[in-house]
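Chemist: Residue numbers (the numbering used here), protein chains in the order written: chain A, 15 to 129; chain B, 5 to 115.
Just so you know, these hints were derived from the structure itself, not from any lab. One or more of the hints may lead you astray.
List time: in silico SDA-like cross-link candidates among lysine to any residue, alpha-carbon distance up to 25 Å [as the list claims (entries may be wrong)]: (1) A/K56 with B/A74; (2) B/K72 with A/S101; (3) A/K56 with B/S53; (4) B/K75 with A/G86; (5) A/K71 with A/E15; (6) A/K92 with B/S89; (7) B/K75 with B/Y36; (8) B/K60 with B/A45; (9) A/K56 with B/G20; (10) B/K41 with B/L70; (11) B/K9 with A/L129; (12) A/K71 with B/T107; (13) B/K9 with A/S101; (14) B/K58 with B/I114; (15) B/K41 with A/S72.
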Amino acid sequence: EPEVTQTPSHQVTQMGQEVILRCVPISNHLYFYWYRQILGQKVEFLVSFYNNEISEKSEIFDDQFSVERPDGSNFTLKIRSTKLEDSAMYFCASSGGTTYTGELFFGEGSRLTVL
Amino acid sequence: DQQVKQNSPSLSVQEGRISILNCDYTNSMFDYFLWYKKYPAEGPTFLISISSIKDKNEDGRFTVFLNKSAKHLSLHIVPSQPGDSAVYFCAASEAGEKLTFGTGTRLTIIP
Chain A
15 EPEVTQTPSH QVTQMGQEVI LRCVPISNHL YFYWYRQILG QKVEFLVSFY
65 NNEISEKSEI FDDQFSVERP DGSNFTLKIR STKLEDSAMY FCASSGGTTY
115 TGELFFGEGS RLTVL
Chain B
5 DQQVKQNSPS LSVQEGRISI LNCDYTNSMF DYFLWYKKYP AEGPTFLISI
55 SSIKDKNEDG RFTVFLNKSA KHLSLHIVPS QPGDSAVYFC AASEAGEKLT
105 FGTGTRLTII P
């Protein structure tokens, strides 16, 4: 069964460092997303990406964040200068195929710990 | 701004009985609703969905009910099994755009 894969599963970084989280969405999907979940809180939308551009972003997704689809298979989230409050589980998701139904398929997440 | 609310953070149900998880929303523009199940250290997994043009959708042991006038949906699991123990998130979408999640309900099935 096709799945969304994410790397790394866990990354520890110092405050102020740049971090890149990587995702390989399901191959025929057209819509890509990043969500995050701070420990004990709800899953929050960060950004959606379609047709090689951001289609929507939340207020969390400020200038420190960027997304890219560099090669047609990977979808990356970059945090330029990490803050302590960026510590969270980051989930990549994809949806679509030929028809967008609203169902998102999530990866297992990348845990980011900022020290 | 909690557009999707799950007021019960936890629920315990005896194995074999019915589990009912509830969700309320405030945005009347939501037109698609989903339930996701999440185990620790894993991503959310899609469970079942319902469009706003329907009031019920059933898939095996899982049934979702939508009451648009009350802006309320519920997930029924019957019979409940130990493997159903997880955190359940209600989510809503407007015109196929991003999902807005609730805070989740931790369901524990007691053998």
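Chemist: Hint by hint, say whether it matches the structure.
Modeler: Taking the hints in turn, this is what the structure says about them:
As the CA atoms of A/K56 and B/A74 are separated by approximately 23 Å, the hinted pair is consistent with the 25 Å bound. Taken as a hint, the B/K72 and A/S101 pair is broken in the structure, with Cα atoms around 37 Å apart against an allowance of 25 Å. Between the alpha carbons of A/K56 and B/S53 the distance comes to roughly 19 Å, so the proposed pair stays at or under 25 Å and holds. For the suggested pair B/K75 and A/G86, the alpha carbons sit about 40 Å apart, so the restraint of at most 25 Å is broken.
Taken as a hint, the A/K71 and A/E15 pair is broken in the structure, with Cα atoms around 29 Å apart against an allowance of 25 Å. Taking the CA atoms of A/K92 and B/S89, the gap is about 34 Å. The hint is violated against a cut of 25 Å. Annotation: proposed proximity of B/K75 to B/Y36 holds, straight-line Cα distance about 12 Å (limit 25 Å). Under the criterion of a C-alpha separation no larger than 25 Å, the hint pairing B/K60 with B/A45 is inconsistent with the structure, at around 31 Å.
Restraint check for A/K56 and B/G20: not satisfied, since their Cα atoms lie roughly 29 Å apart, outside the 25 Å limit. For the proposed pair B/K41 and B/L70, the alpha carbon gap of about 18 Å is at most 25 Å, so the pair holds. At most 25 Å may separate the alpha-carbon atoms for a hinted pair to count; B/K9 and A/L129 exceed this at roughly 32 Å. Restraint check for A/K71 and B/T107: the C-alpha separation of about 20 Å stays at or below 25 Å, so the hint holds.
Distance check on the hinted pair: B/K9 and A/S101 sit about 24 Å apart at the alpha-carbon level, within 25 Å; holds. With a C-alpha separation of about 32 Å, the suggested pairing of B/K58 with B/I114 is violated against the 25 Å cut-off. Restraint check for B/K41 and A/S72: satisfied, since their Cα atoms lie roughly 23 Å apart, inside the 25 Å limit.
Of the numbered hints listed earlier, those contradicted by the structure are 2, 4, 5, 6, 8, 9, 11 and 14.
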